[in-house]
Amino acid sequence: MKFSVRERWVMFFLMGAILIPGISRLAQADASDWPTGDEIVAEVNARDDGEYVTRKLTMEMIDRRGKKRVRETFGYRRYYGEEKRTVIFFLSPSSIKDTGFLTYDYPDADTDDDQWLYLPAARKVRRISSSDRGDYFLGTDLSYEDMKKEGKFSLEDYTHKTIGEEEVDGHRCYIVEGTPVDEATMKELGYGKVQTWIDPEIWMSRKSEFWDVRMNPLKTLRTTDIRQVDGIWTAHRLEVKNHKTGHSTIFTFADVDYTTEVDDDVFTERALVRGVRGN
Amino acid sequence: MLRFSRWPLSVWLVLLLVPASRVGAQDSEAVEQSRFERWRERVYTSGTVELEWGVETRDGHGQKFELQILPEIEVELSSEIDLTLIPRLRADGLDRLEPGSPSHPALSETSRHAHIGDRVELELRELYIETELGDTYLTIGKQQVVWGKADGLKVLDVINPQDFREFILDDFEDSRIPLWTVNVEIPIGDLTLQLLWIPDQTYHNLAGPGAAYEITSVFPALPPGATVIRNEIDRPRRVIGDSDIGARLSAFWKGWDVTLNYFYFYEDIPVVFRTISAGPTITLSPKYKRSQLVGGTFSNAFGSLTLRGELGYLFNRFHTVDDVTDLDGVVETDEFAYVLGFDWFGFSDTLLSAQLFQNILTADPSGLLRDRVETNVSFLARRNFRNETIVTEMLWVHNLNDGDGFLRPKVAYELRDNVNVWCGLDLFYGTRNGLFGQFNERDRVLIGVEWGF
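Listed in order, the protein sequences are those of chains D and A.
So the first sequence is residues 0 to 278, counted in numbering that gives the first Met the number 0.
So the second sequence is residues 0 to 452, counted in numbering that gives the first Met the number 0.
Please note that the accuracy of each hint is not assured.
Here are the simulated lysine-lysine pairs, DSSO-like style, with alpha carbons at most 30 Å apart [what the hints assert, rightly or not]:
1. D:LYS123 / A:LYS153
2. A:LYS253 / D:LYS148
3. D:LYS96 / D:LYS66
4. D:LYS123 / D:LYS147
5. A:LYS288 / D:LYS123
Just so you know, these hints were derived from the structure itself, not from any lab.
Build the full structure now, drawing on both the sequences and the hints.
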């Protein structure tokens, strides 16, 4: 059977009239099935990450020419209700060995965190400001704020919406876009927007893209080697690439332990001065 | 010539021989190996090798060409006791900071250095054990104890005396003289009580005559033609009776870090008593004198600003007077000192810091060599670049009384993980009568490299 050109055009429009609304309805159904940004954020923030944890963290910092610097640390974290206390001791290299960094992170957004830095060269604990949270953490490619949030979301700083879904490393993920609540916050954090690929099976990020305040691509963070430790999903490798500087940092967690209770005394100035043995 | 004081040598021998004898007593090679492995697992070693070259800008003469090796050995003696050993070897190819082999009379017998010729010295910097008894934390041995919140200028950081061979240009970590100390920290609820007992009669080490940084500005000029008799320094010698004691109570209260401090101690510089007899003959009799310090510290952060401060009240301090009618050439007064510091973190990767330091005598006797109120200010600007591989800084310290001071611009670069290099200038200004101005001709350029292992 042969159709004239005119008949072919009529059939094309008829098929279009039948199929397009169907496809459109399908697409709308998928989008409406996505949880909202706030729902995803709530799931991620509610994810169990242990009342306390002890772990080793190695930070490999690689510049654009491939020159590598390595920092080995040992750290503790403990929740006191909604207040979080974290301490990191540097084990190597020798130039910064025994440096300690202690943070009290308060749930009230209006209360500044308390932070102390122990500098072995001065043998003094120094109180430091927590307002420079957009600064990069000790030469790495994550900011102080990124390090503090540990993959969780800030409800005070961003509004969140779900903008799609995509596979990352074979896992279906929702894409959540965070936009700073105002310009001041944007400048403080150093990000114009952040997109995060959340795996709904474990409610963890597998990838994040960061834009700077001028909306240029800034960084990509990939989270891999995610596995359960003591029944808690734990990321063991974070790789951050800064597209503007060409610098990158690989964070590797090891000897993660959620079962050994962390003593209150660890989160004190006197413990910061004493440091930890080589572990 | 090789000269070791007995104490450090005995310490070395004990440390070297005890493990060796234990291992040697084992019959089985396998057991020996196993024991050695266990020991090795409990020993942590690290350290630094630093080479620094200083050249005076006035005439291009070298001031220092110094190699410093500072290993640190930590040993877990048991699950409860850790031992730390930090010796230091220092070799200076130019020998201008401490010409010859100084005897270091201000140091106690147990803290003196061993000299190998004029240019190499070996020192036991620190040797201490740390242990816990319940909640109480004990650190016993030769160590540094640091009080205070100020940078560069001291009010409460007076537990350990200081080595002034490079005036105040050396890092405090290197210039602070560790003391044999019993250091006890006791948690009391949310407070921490620190108690110190220091049976070590070691005091400031001042650069001797002819040294690059010999201090001359604080002593009165002697009348020409007078006969001067200098007596030996009368120094405390009783280990128990002449020991120093201190206490510090620390707390974190409503966002504030606060401490209360008390220290009963010998001043680290001897008081020079002077008598004048017929001739005229001037007799100088230096003697270390007791003092007491009561004070406190505080610090807190407010947005991008950090505030920190120290207050100290010193009892019975002696000050030299330039008055021939005064019987002993010194007067005794109390003294109040404070430092206020502001650190601002408002710019990315940048620290701007300012400090005001004042020292006020409670009395105003005539003929004082110093002003009743001494005021110093300091400013520090530091900025990191390229993921903290490059650090630039400028420190400026200025004395408002004499109008003298110094500037220290510096650039440091982390060449590799364990290799740092730096270049800097130390620039003094002011008159010869000023504490800083007296070194106006000692301006220098420094380059250095440090390797960590």
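Legend entry - Violations among the numbered hints: none
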